[in-house]
Each structure stands twice: as structure tokens, then as C-alpha cells.
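Quick mapping for you: the protein sequence lines, in order, are chains A and B. In terms of numbering that gives the first Met the number 0, the first sequence has 223 at position 224, counting the first letter as 1, and numbering is strictly consecutive. In terms of numbering that gives the first Met the number 0, the second sequence has 130 at position 131, counting the first letter as 1, and numbering is strictly consecutive.
Bear in mind the hints are in silico, worked out from the structure with no lab data behind them. Treat the hints loosely; a few may be bogus.
[Claimed, not checked] Derived CB-CB ranges, DEER-like:
#1 W259/B <-> H184/A: 37 to 47 Å
#2 R110/A <-> R15/B: 19 to 29 Å
#3 A19/B <-> E70/A: 20 to 30 Å
Note that the Cβ used here is the ideal one computed from N, Cα and C, for glycine as well.
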Amino acid sequence: MIEIKNLDFSYRQIPVFHDISTTFREGCIYGLLGENGVGKTTLLKIISGLLPPSAGTCTVDGLCSFDRNPEMLQQLVFLPDEVILPDRATPESYVLECAPFYPRFDESLFRRLMRELEVDEKRRFKEMSAGQRKKSMIAAMLSLGTKYVLLDEPTNGLDIPSKSEFRRIVSSFLREDVTIIISTHQVKDVENLIDPILILSKEEVLLDAGMAEISQKISFTCDAERDESALYSEQVPGGWLQVRPNNSGEETPVNIEALFNAVLKNKNLVKQLFEQKGGNDEQ
Amino acid sequence: MNNSFDWNRFGKLLRRDFRAIWPNFGVTMLIITILPLAAWLFMLSVDVDEAIAPEFRWFMILGCVSLSACMAPSRLYKTSNLPNRGIHFAMLPASKREKFWSMLFYSVLVCPAMVFVGGVLFDFLLSALPFGPYRQWLFESGAWLNGESLWDVLMKSEYNSFPVRSLGLLLLMMASSYLFGASTFFFSATLFRKHKVLLTFIALWLISFVCSLFVMPVVTLLTANNPEILTRIAEILAMQGTWYGYVVLYVLGSLLLLWWSGRRLRNMKY
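So here's chain A without its partners, still in its complex pose (with noise of 0.2 Å):
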């Protein structure tokens, strides 16, 4: 489990994060969004032991994420956006290199993961796109076979087909023991892979819960007209998609984009709403 308590962090003068405290748990594709710049990339970073929180404190499982521990980087791996790898290298290569340190590192997985992205493992990194190159590491950082897998912005770059494929290689690969965090802006492209979703914005958390919670507290519906009351509405093809407290029980469909824009449309009061119970916790 990967804990943050009471966790601060700044850049210098700048605040990123003040006092936020979250856990990531087990099982789970947790969803971590945001405008550009509140921090995504940087939890991820103080998660992975590269950043040092300026205050408070990071775990996974109990041990300091900053200490980067080999018993905690044997069990997780980050893969940030921009993917920098030696020109020489292939992915075969790269994998084979950090093999030894992983002791669930899985070959026939990454020659697998490798034929179904439709990427050569023995072609130089040097001759590939910036989205082959992701489709690799990403193939490479689900083979190594930890518990942990951070993803930041992993769908930047992949052509259609390649996304669809991403979603249904992450979905397959999670297990009991296993938790993916996936950081990004593109959320049609993780909508129905990930649960639960955890919004930051300036300093803060501004929503932490899982799919069920947001259906039971907040509905979305697609209404002929304009509701000045709800909370975000957005015209779409055969009317208004409106995003309102659930007062009636019945659960609809999250949309992860309208949840998003109507979380930072309102904050306090969607903080207020989900406050009552707690976040992902309690689920």
C-alpha cells in the first residue's frame, strides 16, 4: 500500500502540495487528474523515491519512499512522459539489463506485450517513434512484474489502435496484489479503466473516490434543457450533459471529462459532497 500523510512539497518558493494526505491501494487503476501543473507528475516522482517531500511523509509499505530502498524499487516501477533511453539500446536490450533486479520479471510476458503493441524488441530505440519508444517501455515496466506501476501520461503518443490496446493490456494486467497509477489529461483515453480517481488541484486533493461513490453522489445526465442550478453543463449533440448532486439514488454512468470539469467548477462544494463519507477509504 502506498501511503502520503499530511505530505508538503514546494519547488523552490512555489507550493505544489500542502498538507495532502492519500492512500493507494491494492487492486486497483487509480485515475490521478488535473489541470497542467497542480502536481501529478510530481506525486508520482515523490511516490517513486526522486522527489523528497518537503514535509509529511510518502510510503509503500512501510518503507520511505525517498530512501529508495531496493526492497521498495523491487516493487515498483514509474514510467515518466518523456521517455529517455541510450540510442544503442534496444527494448530486448534495456529489459534484459534490468532483468537481474527484478525477481518477477517476466520474458515471455514482454515478448508477448512486445508482439501484441506491434513493436520489434531488437530494433535500436534511435529508430523509433516517440510512441514506439513508449509502447516499449511501457511493455518493458508491466513486464518487470512489480506491484507498483506509475504511469505518467502513458497514452501521449500512441496512435488510436495503440491506445485501445494499451487500455486492454493494463486492464488484463491487474491483479489482487498489484496497483497502477496513471496519471493524465487525456481522460477518454483511461475512461472505463480507471477506479477510483483522485483530482488534485492547486495545493490539494479535491476528489479521492472510487467509480460507485461518484455515481451514488453525483448523477450525469443528457437533458434537452439548460439547468442554471447544476453543477457543469456542456452542450452535446442532442442536448445538455449536466452534472448534479445525486438526490434521487439512481446511479448513471460517470463521464469522467464532465465529473472533471464540474470538480474544478466547484470545489469546495464537491469537497463538501464527498467529505460525508470519507473518499476511497472507506470503500
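Assemble the complex: chain A is given as a structure, and chain B must be docked to it using the hints.
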């Protein structure tokens, strides 16, 4: 699991880092190793019937070794302190201590040793040729066993009054100054992000320049009142004990730089 140091894991790291030597530093190391060829070709081309003394060839080989020690940490681990490129290094499941020792092992010991062995073999190769300015085997003159002879070549006549006449002290001086130099470049590889070797040379030049700004007025002030003080200082500097003092200072300085490098690596942010 031992999160501090595990020999099995360290062995894996050493194997991994060894495989990275050729792609990152191999060609440069090869070029450094054959640098004495330039002197050989020059002597051959000027058509002077003069041999290059084994003492000078030793000097060139040791120069190549020093050059490789200057470059090795920044070439082998150039991305280890870079915000994005260094993530792969930082997240490799080995402890910070293991990574530090592996870096030190290859940068200060293995790569320079490879250049040394390569340099000696290359010298043998050139000596075996029936023509050219290498007319003696490297070990033939006994320069390698004779501290005095090698010292004369290294320091030339103007320092001949210095009383380092024992091979033991000479080797100790060379080893400690090598360690200090290598540690300096090892430290700077953790400090600078780009142009690590060049910036180190510039920084060293700046430090010596700033030091001279402070030292020169003091010397001027002292000699104004007592002109004989310089002779006295020179006598103290020339004492055998002072040279042992240098050795101690070099070793302490090296330990400080290595400790500082380790601390920087431990607390590195990416």
C-alpha cells in the same frame, strides 16, 4: 532483505555497469590508450635519429591513465545526476551505497587500470617494430624500479633539489595525488550536469586563481619585512616529512570529496 548492502545485488550491479563501459566509454578509452602514438609518429616524421626514453613513455602512459580517470565518471555515469535521464539509474533496485561503490570502482580503478594495461601493451607493440623511436622495452632501463630516474624525468631539473629520492615515497605521492585528482573529477561528475570535465578544469583554475589572490599579498607582506623567509619556506617544503604531509592531505582531501559525492548521490533529486 538487506537494504544497505548486499553482495549478491552488488555483483549484479557490477556486471551491469561493466557491460555499460564499452558503449559509454569504450572508444574514448581506446583513443586515450593510443595517445602516445602521436609522439611516436611525430618522432618518426621529423626524422631525428633519437629514441624516446622509456622514462618519458612511462610519463605518457601515466598521463593517459590520469586523463581516463578525469573522464571516466562523467562518461560512465553522465546521466546519473540529470533530472529526467537519471531516473533509470535512480530507480534501479540497488541501494544508494551499492551504486556509489560501483561508480567508484569503475571510475577510479577499473577504467584507468584498463588504460594502463592497454598503454603498456601498446608500448610493447610499438617497441617490437623494427623501426621507429621506441628502441628499448618499457621495463628495460629499470626506470620503473628506479624512483630517482623517473622522478628526474617527471619533474625535470629545476626541482632536482627536492629530496624525494625513495621509490616508496614517490609511489605514495603518485598514488595519493592520483586519488585526489580522480576524487575531484568523481565529485564534479555528481555536481555538474553538462560539460562535466571542462567545467571541472575551469573550476579548478578559478579556485587556484582566487587562492593566488589571497596568497600573493601575504607572501609580499612577509618578504617585505623578512626577505629570507622564502628560503626558509622552500626548505620546509623540501623536507621529507612535508612530503608525507602532502600525502596525508591528499588522502584526507580525497576522503572528503568522496564522502561529499556519496552524500550528493544519496540526496539527489530527479
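*asked:* Tell me if the beta carbons of A19/B and E70/A are separated by a distance inside 20 to 30 Å.
replied: 24 Å, holds
37 to 47 Å was suggested as the range; check whether the CB atoms of W259/B and H184/A agree with it.
Given range 37 to 47 Å: holds, Cβ gap about 40 Å.
R110/A and R15/B, beta-carbon distance inside 19 to 29 Å? Holds - the Cβ-Cβ distance for R110/A and R15/B, about 21 Å, lies within 19 to 29 Å.
Of the hints listed earlier, there is not a single one the structure fails to meet.
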